[in-house]
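S.K.: Work the whole structure out from these sequences, hints included.
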Amino acid sequence: MGCLVEARDLWKVYRGGVEAVRGFTGSFGPGRTAIMGPNGSGKSTLLAMLAGVLKPSRGRVLVCGRDPWGPGWAEARSLVGYAPQDPPLPRAVTALEALTVLGGLMGLPLGDARREAVHVMEELGLEGLAGVKVSRLSGGQRRRLGLAAALMGSPEVVLLDEPSSGLDPAARARLWRALGRLASGATIVFTTHDPVEAEEEAGMVVVMHRGRPLARGSPRELIERYAPRPRVRVWGSGVPRGLKPRRLLGDGAAEYEVEVERGVADVVSAYASEGVGVYRVEVARPGLREVFLELAGEELEE
Amino acid sequence: MRSRARRSGGWRALLRGAAAGVLYFVYGVRRSPELLVWYVVFPLLLLLGARYLVFTPGGGLTAGVYPDGGGVAAALESAGFNVAVYGSLEALLRDLSNGRIAVGVDASTSPPRILYSLDEYSGAALLALAAVNGVDPGSLLGLASLAGGIVERVPPGPLADAGRALAFYAVSLVGVTALYSGLYGGFTSLVEMRINGMIRVVAGSPGGPLTLLGYLLGFNTAAVTLTAIVLLVAALLLGADYSGFNPAGALVASVLLFAGLIAVFAASMPLGLLVRRAELAAALAGIGGFALIFATGLAIPRDFLPEPLRSLAGYSPLTVAVEKGGETLLGYTGALEALLGAWPLWASLPLAGALGVIAYKRLVSYAVEAE
Numbered sequence: 000m001g002c003l004v005e006a007r008d009l010w011k012v013y014r015g016g017v018e019a020v021r022g023f024t025g026s027f028g029p030g031r032t033a034i035m036g037p038n039g040s041g042k043s044t045l046l047a048m049l050a051g052v053l054k055p056s057r058g059r060v061l062v063c064g065r066d067p068w069g070p071g072w073a074e075a076r077s078l079v080g081y082a083p084q085d086p087p088l089p090r091a092v093t094a095l096e097a098l099t100v101l102g103g104l105m106g107l108p109l110g111d112a113r114r115e116a117v118h119v120m121e122e123l124g125l126e127g128l129a130g131v132k133v134s135r136l137s138g139g140q141r142r143r144l145g146l147a148a149a150l151m152g153s154p155e156v157v158l159l160d161e162p163s164s165g166l167d168p169a170a171r172a173r174l175w176r177a178l179g180r181l182a183s184g185a186t187i188v189f190t191t192h193d194p195v196e197a198e199e200e201a202g203m204v205v206v207m208h209r210g211r212p213l214a215r216g217s218p219r220e221l222i223e224r225y226a227p228r229p230r231v232r233v234w235g236s237g238v239p240r241g242l243k244p245r246r247l248l249g250d251g252a253a254e255y256e257v258e259v260e261r262g263v264a265d266v267v268s269a270y271a272s273e274g275v276g277v278y279r280v281e282v283a284r285p286g287l288r289e290v291f292l293e294l295a296g297e298e299l300e301e
Numbered sequence: 000m001r002s003r004a005r006r007s008g009g010w011r012a013l014l015r016g017a018a019a020g021v022l023y024f025v026y027g028v029r030r031s032p033e034l035l036v037w038y039v040v041f042p043l044l045l046l047l048g049a050r051y052l053v054f055t056p057g058g059g060l061t062a063g064v065y066p067d068g069g070g071v072a073a074a075l076e077s078a079g080f081n082v083a084v085y086g087s088l089e090a091l092l093r094d095l096s097n098g099r100i101a102v103g104v105d106a107s108t109s110p111p112r113i114l115y116s117l118d119e120y121s122g123a124a125l126l127a128l129a130a131v132n133g134v135d136p137g138s139l140l141g142l143a144s145l146a147g148g149i150v151e152r153v154p155p156g157p158l159a160d161a162g163r164a165l166a167f168y169a170v171s172l173v174g175v176t177a178l179y180s181g182l183y184g185g186f187t188s189l190v191e192m193r194i195n196g197m198i199r200v201v202a203g204s205p206g207g208p209l210t211l212l213g214y215l216l217g218f219n220t221a222a223v224t225l226t227a228i229v230l231l232v233a234a235l236l237l238g239a240d241y242s243g244f245n246p247a248g249a250l251v252a253s254v255l256l257f258a259g260l261i262a263v264f265a266a267s268m269p270l271g272l273l274v275r276r277a278e279l280a281a282a283l284a285g286i287g288g289f290a291l292i293f294a295t296g297l298a299i300p301r302d303f304l305p306e307p308l309r310s311l312a313g314y315s316p317l318t319v320a321v322e323k324g325g326e327t328l329l330g331y332t333g334a335l336e337a338l339l340g341a342w343p344l345w346a347s348l349p350l351a352g353a354l355g356v357i358a359y360k361r362l363v364s365y366a367v368e369a370e
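Protein chains in written order, with numbering that gives the first Met the number 0: chain Y, 0 to 301; chain A, 0 to 370.
Worth flagging that the hints you see were computed from the coordinates, not collected in a lab.
Virtual Cβ for every residue (Gly too), placed ideally from N, Cα, C.
Just so you know, not all the hints are guaranteed correct.
[As the list claims (entries may be wrong)] Heads up, simulated SDA-like pairs for lysine to any residue below, C-alpha to C-alpha not over 25 Å straight-line:
#, chain 1, residue 1, chain 2, residue 2
1, Y, LYS132, A, ARG30
2, Y, LYS132, A, LYS360
3, Y, LYS54, A, VAL153
4, A, LYS360, Y, GLY16
5, A, LYS360, Y, VAL12
[To be verified] Short derived list, chain A residues pointing at chain Y, Cβ under 10 Å:
#, residue
6, ALA18
7, ALA19
8, ARG29
9, ARG199
10, ALA277
11, VAL367
M.R.: Okay, structure coming up:
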């Protein structure tokens, strides 16, 4: 079963004084937690520090009560499976052989490593790549192989850096189904800049911006707290004087916030009563994208 | 709580890493032609070149003369010898024992001494004796009277005989591979692993940085072992003379070569701190390795090097490992004698090791701290 991963006042300052993570405190329990934020928000750095592969400049990490940088480092690291965005893989061998070697490097006995490699590849639908040389794999295939490496040995804590990035929708769905089987009950923390994925796949979401956590909670909690009302976007020939848009979008649309979805009619009526042409109307159910917009004051790019 | 992996520290981590490194090499050599070329084809080509271009009879008889003057060289030339004039008696004796010259004439004594080392050149020695003394070589009786005290046999060195020389050269080529393996599989790999994140990921594994160190050593040891087996078998097939083969000596030779590999591997580590681009690291290893295999007497026997390079190369850890290893492997020296005689290797190993450990720790620290 999964266990608690705790971060206490974690800081990471890179060469040149760039503060990638600025005082992150929080914990991650069993189940799936998404760390959501735009590029450069410190998600990957935070995840690498939790995995024990990047040393914090300040602060402390505890994996199941053990510090990966303290006396219990070996035990802490033996509980974690980590997949970086661009996983380092031995390139001169086939995918199955690379996983076996990586399993050995991660401390699995070599016989077990081979069996685990076969099993994990099957679960992730990678069995067709078993005999293909790593140097011939595409970026997406290498990424999935990196995920497979992280899942070998059924770790208690699985840390995945943008696991679905570059995957087509079918592969993405298969990945999450496989994760459900391979790491059921584990503590899974993954990073994403896709609010839809965070909403659909995570039980908890941490919103990161510029190295700091802005909010944390289940997707529903976050939406109810920060973006409870539907948004209406109207593309028209102008903006009615009687309406105050929440904001103007770059492509000529105006966005309005309405109390309930019935309010859409009021907005459109206002356009009609002032003779402003309407080309398109879009009603958006609020999601984590709107939550981020609300919290950070800027769009979450994808 | 269940760990995904067996926790291991210290030696166990090193050994687990080494096992993974060996496995990677075994897999890789089957999948990647470049590994096969590097560790099998390239050393074999060097061996074949040596066998058919260097350690082969022909080219006429060469006589060495020390010192020049007195008409000795001219007399030998008129008798059909190619003549090389030496500046020192020591150099002449060395080339004589190595088979580079068939006959040596020490003209510093009166009458000149005629020297040879291999039995097959005893006739040539008599021919030289006749030429130096102005006697008709056909006059066997007169020649025999001259031969008494002035024709001497110098004990042949290991390289004097072509078959023997090939056997020794095969060991030298294992040293060449160990040198390149120590450079490419050492600091060059670490520079690449620092760039692609492998150091961070493996250093963050349950075994920590020792796992990665074991991985590199395991890979290199497996590579050099394969090269050694291929070269020794190929040398046998090409006519190398392994008579006097000493199994205990083979073990000691393996230990010496492994120690030599570690010395190069460790001594090159500090370069990994200075270089941050994989291409530059590979270029440095290639150029440095090329210069070193010649300068340290691995690609060409040390005795063929000019002074002072020849003497300096005698302190090169890998050269010592190769020479002493070859001598004990072929039964010229005992195992203990070879181990003790390799003192420059043992003396340099702690220094190289200390440098390597410090550099490796800094490299890992740079990788995981990313500061």
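S.K.: Hint by hint, say whether it matches the structure.
M.R.: Against the structure, the hints come out as follows:
1. LYS132(Y) to ARG30(A): holds (8 Å)
2. LYS132(Y) to LYS360(A): Distance of about 32 Å is beyond 25 Å: violated.
3. LYS54(Y) to VAL153(A): violated (66 Å)
4. LYS360(A) to GLY16(Y): Holds, because 23 Å separates the two Cα atoms, which is no more than 25 Å.
5. LYS360(A) to VAL12(Y): Holds, because 21 Å separates the two Cα atoms, which is no more than 25 Å.
6. ALA18: holds (6 Å)
7. ALA19: holds (3 Å)
8. ARG29: holds (8 Å)
9. ARG199: Status holds, d = 4 Å.
10. ALA277: Interface hint status for ALA277(A): violated (12 Å vs cutoff 10 Å).
11. VAL367: Where the cut-off is 10 Å and the nearest Cβ of chain Y is about 5 Å from VAL367(A), the hint holds.
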